[in-house]
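Colleague: Here are the chains, one letter per residue:
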Amino acid sequence: MGAMAVPATAGLTELGKRPQLRGYLAEAWRLRAFALRLAGSRLIASLLPNRLGVLWIVLKPLSLAIIYGTIFHFVLAGPARPANFVQFLIVGVFVFEFFTGCFGSGSKAITGNSKLVQSFGFPRILLPVSVVVEQAMRMIPVVLLLGILLLIFGEPISWSWLLIIPIFLVMGVFNLGVALVVARISVRTRDVQQLIPIINRVLFYISGIFFNVDGALADYPTLMTIVHLIPTYDFIAVARDVLLAGYSAPLLAWIAAPAWALVMIVGGVIFFWRAEARYGLSD
Amino acid sequence: MTDLLIPGRKTATIDRAPRAMIVADDVHINYKVYASGKRMTTRETLTSLRSFRGGRDLQTVPALRGVSFTASEGESIGVVGHNGSGKSTLFRAMTGLIPPSEGAIYARERPVLLGVNAALVPELSGENNIRLGLLAMGFDPEEAAARVDEIADFAELNDFIYHPMKTYSSGMAARLKFAIASAKAHSILLVDEALAVGDRRFRAKSEKRINELRDSAGLVMIVSHSVGSLKETCERVLWVHKGELIADGPTDDVIDEYVAWTRNPGANAVGAASAPKPQTRNAPVAVGFDGLSDADEHQGAPGAAQGATALPAIADEPRAVARRQRHRRAEERTRKRSVLLMVLSGVAVLLAVAAGAIIGALSSVAAPSGLEQSAEPSPSASATAAAPVIKSFTVNAPSVECATEEAEAKVLLSWQIDGADSVAIGSGDAQVDAIDLPLAAALPDAITDREVPFSCAAETVVYTVTAENAAGTRTSATVTVARVLPVETEEPRDRDSTTNRPPSQQPTEPQPQPLTDSTADASATSDSTGGVDGTADSTGGVGGTADSTGTTDSTGGVDGTADSTGSSTGTTDSTGGVDGTADSTAGATTTADSSGTADAGGVLP
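Those sequence lines, one after another, are chains V and D.
Sequential numbering from 1 applies to the first sequence in my numbering.
Sequential numbering from 1 applies to the second sequence in my numbering.
Isolated chain D (complex conformation) (with noise of 0.2 Å):
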């Protein structure tokens, strides 16, 4: 007993003659976790985040504490152990997924890791996982499509190597794991208790396999809690406990002690083969610690008070007591941690809040400014106070082609409202009250391109938007659009309405700027009576300037006076009348041309 129990020295003896694959060189493994669960494994990443943090929330749990052993090629080694003793993290440390803390392991090769979970990838069929298996062990693509067809045998999965692996069940995924890891000779396998899950027959058929491998130079390493199936593929066992490995030799030796400290296999190991009467679990690990850690000379990990040296009953209480103690410490840790995440996010949330606001004055900032342009023009609007204000009020076109007299047609009117109770439209030959005479009633403060029938019998129609508030003030504004009939219907006019059509033909994009108010005194005249137009424009409080329109028809002045205003379109116009058009249509085109305006004044009689 006492012999077996220092590994050093048997395997030193076994592997004289043949070849190492494995050696590993007093590896340690501790797992950094945070008190709140998440692990930190490597050691030089974290040297920085650990400096900066101090180390404060991080838990060292050392995982394998001065494991060292050989292994050599044409061995099957079996690694036992209970639950958590340390086994799968030396079998990922030996695939190289976990870098040692201390120490190092060598292989001559990678060792392939053949888990119970390693699902490959799950969405593919058996068939790709087989062919990716074999790609990624650096089968060649031929090579690779030759042998799919020999692993599915082993593997016997049938039609099933056809259907995606995530719809096999834990065998079957075992199966073919098995299967296409042992695929490759000359390998390091190590299997990870994957032979448990299989059937009986598959079972044989893998120890057959494992022995080939083992004779054909591979090194066979397996963990499983199945002592009978040790004894059967292996002969020669390692036994961790608790991170350390406190027995190396053969099989049958190892396997003894193994049951005889545990004496009760049923608790962990499924298919033993003696399974004798069961007791209490804690009275033989602590008898049997007791008798292993007088020769358990081999490791001296500074550590070692935490647990491998378990001590019999008398020593539990202050074991007890420290545990308790890092139980403490660790939820002291946790709590610390979760008043600094509160923190964290109370300042956090505060922060957004004052980008928010942040955000918020400043785009109240720069509203006004605008606001201001707006609101500086019009001091009447401030005098009459709840005057609603009609910012803009437009046309689609100042002109519609109209076939016949008796025709009908559509035109689209805009317009933009604020402080309105009440919006209705109207239409006549001058302005009226939409209000007392509406075409349209109960309409919202803002629309764009609201279709109004449009009748070819005048010749011109006059659109007013009547805005009333809650106390009754009332606000009009006026566009006339006014009607092009074919050529040859209207002799003297031909030359208005050709002139007049570019315009009308485009509509142009919704106009950019109509928002302020000086695109509300175009259309502010209607041609007969000026005056009636002032008063909208000064109830209004819009455009004061527009007011100048406001004359008669028929005098090439009037034409003068618009463009005066800037706001004008290029329009021209011989008749006063049409005049007044072309003003309303101002605000719509914004494609002011005083030249054309001035021209027209000069062409008129």
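Excised from the complex, chain V in its bound form (with noise of 0.2 Å):
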């Protein structure tokens, strides 16, 4: 039996294996419409069931920060409180609303897509792609939402308000790295899905979404340092350098939120594709 496979064999690839990582990138690549056009098909799918459609997308981080920022209107006082309540609030939340969006929906990228993974052989990590991507574009109309409030409130326009799309660029970077892992662990640990929401409230808290965390823990320099590595912090942070003209995110976020993506997107795709045989065992 064995005898008879070994010379036919020639010119085949074994199946079930993952394939070599610069060709699985490079067939990625030459996929990617794919990805793109997951992305929109689904962000459209998902906003004609609503009546309100697009509105949406807005909404709900605008909700939040209404939300937000009336309790903490009322709660917070002494050094805790920045400075420019609502715009610093409203940057927070809203810089915040993609990470958790990529990371929520990141997890059931295989998951939720058993489906397509069980008929078609793309390579998987488009499906993160997609995720991520559906997630960028979402952003778009809340971005264009927070420079109107932003004017809205009396922040004075100024140049460096572009430096918020290469911002974004990294953190979706970085987002991506993010979603391709939580992608991966919960195929086999769906479980994870249900840590997210409790994550992502740990990190609402401690990045500093509606408070000053160097004025909250200015008497506490090491913890302050290590809130200053969140990765959430950090493009938080430096996405209110750019667009608030009384706020100065330190140097640390300016240094770690790039490295963080970096980290994130070469660990998360090494991550990935090292289970990439595995993916269409998900149902």
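In case anyone wonders, no lab produced these hints; they're calculated from the structure.
Beta carbons: idealized from backbone N, C-alpha and C, even for Gly.
Don't take each hint at face value.
[Stated by the list, open to error] Example chain D residues on the side facing chain V (calculated, C-beta under 10 Å, incomplete):
| no. | residue |
| --- | --- |
| 1 | Ala93 |
| 2 | Leu97 |
| 3 | Arg108 |
| 4 | Pro111 |
| 5 | Leu134 |
| 6 | Gly138 |
| 7 | Pro164 |
| 8 | Val343 |
| 9 | Leu344 |
With the hints as a guide, dock the two chains, each given alone in a separate frame, to form the complex.
Modeller: Here is the structure:
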């Protein structure tokens, strides 16, 4: 039996083995149109059933900002209260929204598309990519709204606002790395999807969305340095730095943000790729 | 018959000339099943997990046991076997979805599997699914766009092509999936019973398409229970039984054998051409097996005792015993696991309770440290034991601007009282007993910014809060609010009012530290009767330091003493009457400025 197979396998590739990383990425790049199309169709399909359609994209972060703004306006006092509270808060909420979106739907990138995975043999990395692309598309109206709101609240417009685009790009790279990691983990350990809201909540509180970390932790320099290294804090702080006149991010955040993106994307791609042969098992 | 039961020889003769498309080399697939039923299949990643657990609760269920065949281009191969025999597992392994536990599958190109239940993306329209499918198969976007119509036409979905795929019937969905997957030539197409769902017309069409694909050097493998349609489309058939390939040969031979074996095609194959008289299901299985297993030499799987070499009825007894034992073992494991889970969750609950207790203990430890401070300066409070404690009583502004003497204004009072049964506020030009002369009664223990009227007729108004506990012990505290009239009406007061204004216009935050008793001392003076204020303080057990301010007005010395309490404001006063006011606001503003008051004292004539 085995003897029969040996000469016949010339020119054939073995199935159920993960491909070489280089070829894998090249194939993924070749099929990028698939990821983009999937992202676009998904986005539209998710909005169509709602009566307010695309408005929900901006209504959700906006309502969050209003709720947090109202509550914490009364709760916060002292050094933890940032200078321009409203602007500070909406930048934080809107930028954080990008992360939670990628994190949450990234965990379902494979498990939610198991039919697609079982039907076609495309590189699975395209599914987390399409999730992040979809979330990035969602961010476009949100960022526009953010600009308008900042103008309304009297933030002076400046050229540095344009820096928000590269910041979001770098953050998207970081989010992709995170999505790749959670996508793979949640294939075999579905429980991760239960953990994600909890992790989101923790990050929400320690990233200083609605309070000034520097002020609140002024007496605890070690703790403050740790908080300064949290990736979501870094991206939010950097975004605030370019958008708000009265805020400047610590230097550490400017260094840590791209470093996090690099670490997560490299680690995420390799981590995801190593399980490439087994994603079809999810059902 | 013996001939076609030796697949190796058979296939070897078949694929001499054409290129091999798929080679399955001794493929074993074991499902790892937990007693709970959760499946873990992959060998490599499990090694760590299994060694960790010692493999105790993993059951290995062989789904394929040494399947080998070679399929070449231009072939269309049918796969038969009863339900659960491993056909679908074989197909999924051939698409690379399930890595083989042993052996390997080689393919020229990644096969495309058309399953009945592959729904692609249910939320999207059929059109979008076509596009996505084409892109996923590697078409360019333009190419995909160009072919959408062609595929939609083939699937005959008409206007439904624009509807979401989740609204499709299973037949429509199967047609669309077949249309998409068969759009690409040169591919290995695995059809898993997909043709059974289409209607007759579509079936004819799809058979034609399969033939086209085959002719264009593709390979088509079809799982079907419909031996009739297999006879039409395939020239070679594999028979999979209990994970083993027991026959591989020309369609007619194998199908005949299969039909003869089943003797009851009605049980499995719906569209079977020949449906002889039904019999009991078990007997033919045993008989058929008996005949087959004699010739069935091609597999050497050590686990053979478990299944494929089934014996006739005599051997049924030990098998049943073995099965029962297996079942019992599995049950035992399940029970152990559930006990373990219960223990674990119990431990988790205990841990959570412990954590809660620790947090509670910590907070109760932390809180007294604050309480002790506040309790300490008032030994008198413990003496009078049950007397209510007025922790704070403040006004939002020490003075109110009045347009005229007839005007009415509002001031906002805040207080926090412990141990009170009833609380009332009163107003007057000196301290009053508010429960006897209430402005408002039956108020809560703690309130922020309670609005009370302020009459501009009086120069100052003293607001008193009186708390009474269940035993009838009363405690009072006061704040004094001064009127500020426009400049032209009150010549001598100009300076006062202007100097008073800054604190009054700035209510600041709700005072951060009103919880300490010392703030109450600010309220403890009334301008004319220092003695009253002294009693208030002592019964309240609060801020004894403020008692020194209970002196009469009009002496500059008052200011000095007020300063000495450290809680006074920087409001300057040249008259003692206002001086009381200044003190009373101390708790509210807490912006002590002793030099300011000292100056004021010096200004006094």
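Colleague: Each hint should be assessed against the structure and marked as holding or not.
Modeller: Hints, one by one, checked against the model:
1. Ala93: holds (7 Å)
2. Leu97: holds (3 Å)
3. Arg108: Constraint on arginine 108 (chain D) satisfied, holds at 5 Å.
4. Pro111: The hint holds - proline 111 (chain D) has a Cβ within 10 Å of chain V, the shortest such distance being about 8 Å.
5. Leu134: holds (9 Å)
6. Gly138: Since chain V brings a Cβ to about 6 Å from glycine 138 (chain D), closer than 10 Å, the hint holds.
7. Pro164: This hint holds: proline 164 (chain D) lies near chain V, its Cβ roughly 7 Å from the closest one there, short of 10 Å.
8. Val343: violated (19 Å)
9. Leu344: The hint is violated - leucine 344 (chain D) has no Cβ within 10 Å of chain V, the shortest such distance being about 14 Å.
In summary, the numbered hints that this structure violates are 8 and 9.
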